[in-house]
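Chains as they are written, first to last, in the numbering used here: chain A, 1 to 400; chain B, 1 to 400; chain C, 1 to 400; chain D, 1 to 400.
Hints listed in this document are in silico derivations from the structure and should not be mistaken for laboratory results.
Note that the coordinates shown come from a computational prediction; the quantities given were computed from them, not determined experimentally.
Some hints here could point you the wrong way.
Taking lysine to aspartate or glutamate pairs in the DMTMM-like style, the calculated list, with each CA pair at most 25 Å apart, reads [as the list claims (entries may be wrong)]:
#	chain 1	residue 1	chain 2	residue 2
1	A	K254	C	E294
2	A	K298	C	E326
3	A	K298	B	D315
4	A	K254	C	E94
5	D	K254	B	E94
6	D	K298	B	E379
7	C	K254	C	E172
8	B	K254	D	E172
9	B	K254	D	E379
10	B	K254	D	D272
11	D	K298	B	D315
12	C	K298	A	D89
13	A	K254	C	E326
14	A	K254	C	E296
15	D	K298	B	E326
16	B	K298	D	D89
17	C	K298	A	E379
18	A	K298	C	D70
19	C	K254	B	E326
20	B	K298	A	D315
21	C	K254	D	E94
22	B	K254	D	D125
23	B	K254	D	D378
24	B	K298	B	D315
25	B	K298	D	E94
26	C	K298	A	D143
27	B	K298	B	E172
4 protein chains.
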Amino acid sequence: MPARIGASSGACILPALTTYPTGVWLIGAAGHVGTCTLAGWAAVRAGLIPPTGLVTAAGPLAAAPLCGFDAAVFGGHDLGVPALTASADALVAEGILPAAVVAAAPVQAALRQAQAELRVGVDGDGGWDELVRIRSELAAFRDRHQLPRVVVVNLASTEPPAAVAGLPVEPEALLAAVRAGARLPASAIYALAALDLGLAYVNFTPSLGSDLPALDALARARGAVHAGADGKTGQTLLKTVLAPMFAIRRLAVKSWVSHNLLGNADGRALDDPERRASKQRSKGAALGAILGYEPEHKVGIEYVPSYGDWKLAWDRIVFAGFGGAEMTLELTWRGSDTALAAPLCIDLIRLVELAQRRGEVGVLPHLAVFFKKPLGTDEHRLERQWQALLEHVLTPGGDA
Amino acid sequence: MPARIGASSGACILPALTTYPTGVWLIGAAGHVGTCTLAGWAAVRAGLIPPTGLVTAAGPLAAAPLCGFDAAVFGGHDLGVPALTASADALVAEGILPAAVVAAAPVQAALRQAQAELRVGVDGDGGWDELVRIRSELAAFRDRHQLPRVVVVNLASTEPPAAVAGLPVEPEALLAAVRAGARLPASAIYALAALDLGLAYVNFTPSLGSDLPALDALARARGAVHAGADGKTGQTLLKTVLAPMFAIRRLAVKSWVSHNLLGNADGRALDDPERRASKQRSKGAALGAILGYEPEHKVGIEYVPSYGDWKLAWDRIVFAGFGGAEMTLELTWRGSDTALAAPLCIDLIRLVELAQRRGEVGVLPHLAVFFKKPLGTDEHRLERQWQALLEHVLTPGGDA
Amino acid sequence: MPARIGASSGACILPALTTYPTGVWLIGAAGHVGTCTLAGWAAVRAGLIPPTGLVTAAGPLAAAPLCGFDAAVFGGHDLGVPALTASADALVAEGILPAAVVAAAPVQAALRQAQAELRVGVDGDGGWDELVRIRSELAAFRDRHQLPRVVVVNLASTEPPAAVAGLPVEPEALLAAVRAGARLPASAIYALAALDLGLAYVNFTPSLGSDLPALDALARARGAVHAGADGKTGQTLLKTVLAPMFAIRRLAVKSWVSHNLLGNADGRALDDPERRASKQRSKGAALGAILGYEPEHKVGIEYVPSYGDWKLAWDRIVFAGFGGAEMTLELTWRGSDTALAAPLCIDLIRLVELAQRRGEVGVLPHLAVFFKKPLGTDEHRLERQWQALLEHVLTPGGDA
Amino acid sequence: MPARIGASSGACILPALTTYPTGVWLIGAAGHVGTCTLAGWAAVRAGLIPPTGLVTAAGPLAAAPLCGFDAAVFGGHDLGVPALTASADALVAEGILPAAVVAAAPVQAALRQAQAELRVGVDGDGGWDELVRIRSELAAFRDRHQLPRVVVVNLASTEPPAAVAGLPVEPEALLAAVRAGARLPASAIYALAALDLGLAYVNFTPSLGSDLPALDALARARGAVHAGADGKTGQTLLKTVLAPMFAIRRLAVKSWVSHNLLGNADGRALDDPERRASKQRSKGAALGAILGYEPEHKVGIEYVPSYGDWKLAWDRIVFAGFGGAEMTLELTWRGSDTALAAPLCIDLIRLVELAQRRGEVGVLPHLAVFFKKPLGTDEHRLERQWQALLEHVLTPGGDA
């Protein structure tokens, strides 16, 4: 990477961080993950909860010149304008955040601040009218708060797979097509709006988002960054440490059967076969890439309403060892979908803001550690992704 | 490392490999792992089984100038002189190796060859008489076959923890003490004999072996190499990929309960509380080292005779996520203890022979990926150990 | 039950068993379960294997006046006329029966005997022509061997759910409809043929079989017996002991998620959504019936070819306890589908023959313990079904 | 059973229930189970929680003439006189009872009532002085509240196995021995005191309690009833439905490995090898009794403090099927130890009171369904125990 704006001698001459806030715009702000990101950011800032699960608040990345927790302004889109306090109460009811944390004054203040910046988003596909509206709402948020940088994060429900075959690969041609009546999935409309304004865009879902050549080119043209896709919070996280083990030891994986049971809004959306296909595609990427071959691989997703936010991943792996005998590994992982996702969102916001501040542009493959289907790289092994992240962020002046 | 004998310009001027064989001396040769190593080596050489589970026969390390499978002579110690063909039949009965493989002529020939070199070993502690006898048997094996290098591998049953507090730290002082009547665990007697002769010593068990300052100094004095301890074949293997995941993501592990159920000779030995303590110490090392803190950690080992060689590891991990909610991971791993261990032995023999041929001396920390309690390094993370191994073996002229 | 032929003073005046053989006709004879039933019957008779898994060869039912293992003649239908020796070799390759058992002379002789009586069956639906042919083949088998009683057992692949809404409920009307062109699933054609001849019919699959009012009436009219449906071999077996536990203790089951992974021909058939629907219906019956309410209940079936005959059932149950706290039970069951099913077939043959000999007619609800979806009763609790079986079979002169 | 006092024509002429209260005396009243029994009784009475997990409040036993929830007076012993409100708060903190339930006025009132009746109990062994004191405290409780019947329930920590070999088998001889200086475990002192007064005694723990010939004889002499031992709340509950399944199907259990992980006070007590031996003996009884043979059977208990009250039972069963192939069943059960135990205590109090009121004397084997090691019967099968309970309680005038 030839040049980082103002980064010739390391982090020290970056603009002083405390003089301006970072803007954060959450698409799906009133959902579980959005609300937990909002409330959790405030709770960490106020010292109400320890930074468990955050990789940027302690450990090696704490040494990076990341934006402080004090310096952020939140806004976002959702379908309708739900009360964020009600969303936060739902987090308590589900056992995700303690009641005392949500009731604390700093968290309530943060929810109020964000409530004032909540706008009605795009449902399903969108066209030129939606693009213009979203873009102007993002610009207004940026201008109203004089934000030098805004990170837009997609946390909305998974969309069905998009038909992208005929879409133009040049940014201006894509914009022209939309103006002429083409429609895109909402996630791509948001990405288009954000990147066209030079804002950062992060796709935390398996939806299309910025995963189009024209959008990557647009990001580079506008000096924007983007990253994705689909936060790596559970079963795939495990796959990206276990598959390397089988690969290193050259044990031959014959079958890998995965099931996911969940009962939250994400689970309800994924009960739809088309949306589930998006998710399954995202979840299926890592295994073959790491092993170098494709075993029998099943990824099931089931909606069990009474599970609520507490998802359950079950995996059964059959592999052959020396001499051919079959061996097995079985796993059960149970966690709050939201509590696993929200800290990754917080980390991504901070790391994307840093990249933007350092003058990076285009896709950010060094953030692969956060994603099931990382843009810009084929590296799925967690440890290698982590090493790449540390090296990129902590090496003065460069990411080699 | 300043000098490798004859290695100034890389691997190309190493002595031609085909002109002489490598000696392999297995302590516990007639046990399951010993016999499977013998039979498996022959079976791979003859193409009777694929090299599944071997890291040196395919993948990146296949490019290293390792000794060929054609060039090895086997011998070993055991308690008594059991028939290796009977041991091999037991492998078939347990479902470890296919009947046709063990019955094949190349495997039977290999068993006959090793049978001729089987000697009665040391049971329990040993002193000067045992040392002298073992040393002379090893020297005779080396001389009889004109072996430039011999790798001695300890596969014998786990010993109780040894009292090593007062032992001399200088090699000659240790030898003098033994001559004067001091007794050492058998595993250390073998190590002392091997290293004193300049032979390589590998400790695949949790027993004491070469893990004494005096023995490491002796190895360096005699130009010998040594490595250990305790082959990483199952539960600990999993820990060294899963614990890094928790560490990377800064999820807070609260408890990690591990149980091992096994029914083979190793299991029977570990049914003794003292021997079990050795194993538990070995198995307990990795977790705290990787996490950076000590969660509640239980490691149980139970002897279930009807399980035979098919061990079962069960783990339950409770961890806190963002906001403090408790989450869980449960694992069940089932595999043949022997089929998991034997390929590691084969790989170690080849890699240790290479190190010796390259003129390395002393402990070999680059082999940490094979061990539960690696000598010479505190690195327990599998992926990092693997990277270190590749870098060490494949970098021309150096291991940086 | 008013009358048992010749049974007024108990079992002692039943016709002497050794004077004639029992006929057994297996539909799907060359499949895994069919072949294992044939070979297993011969192996038990010859003392080559212990009667593990058989409920009629030891324990309380061994006291019942059941037909001996010596007195049976086997025949059957399949699609084409596969070699039963090849089918038996497949059982060995899958680890279901030991090689020495299948190779033994008594087993080979039994396979030869049955091979001579193997006929080409009905594929898919059948009409009048198929009915006439099947009926005449069954009659010929009976007459050729002078069999006083023949038990026909359906072991063929699961059929899609049948449209039975408009079918006549009177036997003669059903026969007339078929003569006039109506078509029935193959399983019902076999049942119609068997019952019309007065033979016993057992449906070991979830297919329609004899589960039609007209067929039950036909059985009663012809003095025949029938039983079914769908052998209870794994996950449902567990449900019928675990659900009663929750019911007895009045623990409130909130969700019960079940997955079945299997790789044999049954699994391949069930990979078809329509056939799977049949199976799922059958597997879903017990839970609500036992609990008295319907929790969230998912039953997934997946085809994993490399699993072969070794099916895996995984269940996760969430239930509320006193005070409302959620608790969980998770289960993994792994077994050979065939080795679990075949002994039940053998037991059913013997018990159905006894019922027929005792003069019982119509459906046999006392055999519910063998079935997922028992005909003639709503009792699903295993222990109660077992008690009912013992009482019915062992009580002299009556089944109360 | 020849006679029930006043029960000649069924339940209808039993004394009217509402005219006097039932006394309940809990040994270990301030422990988790004791407090949950107190608070839970009040919460059910007030309709604050549904009767989930109670077998006497709904279902067939609801028809029995049991004492009402309105009519009970509680008291008890503990070590020291802890505040029951603090104990109840601990139940909330552990997620056993909802905060709103414990805070509700009826529950607080019940805690206050019981607090006034809390006395300092016996720690370790006791002799004549302790016996006299306990007996007088029980008598005073009875007299103070004019209680026609008092049920004493032992909920105290598990004691080490007691040496009972030389104890007299006649009640008066036992009393004389204690008077002369013999000492008994506390649980037996309580039983002796209660039964000597003609009160009912229930042993919910594996401690000795009333399991002495002299105590049973004393109960019969004094017209008292007693029952035990060790509440069947988790792993053993599962064993008593799963082992019958293996027995019915004649599947051959080869090994059954059980582990229990728990972190509450019971777990801490069981971390002591002697007390653990008591528990293991109790937990080991059912399996062989049901199967009719003894497989390899391991029962491990481990103290994992961070688990708190949420115990985890893991079982792995290996069994042989038809043809000898090995199959497996694995189970994980997770629940609140307290929430599983407390409703059983409530049920036992009501059922024991009824037995006493009906004039039954001596041991009460019809209560076996509640216990790991039932006194007075060898029946361990849950369904049979349940049938026996229903028959005994619901059959007018008799328990046949």
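TODO: Starting from the hint list further up, note which numbers the structure goes against and sort them upward.
DONE: 1, 2, 6, 7, 8, 9, 12, 13, 14, 15, 16, 17, 18, 22, 23, 26 and 27
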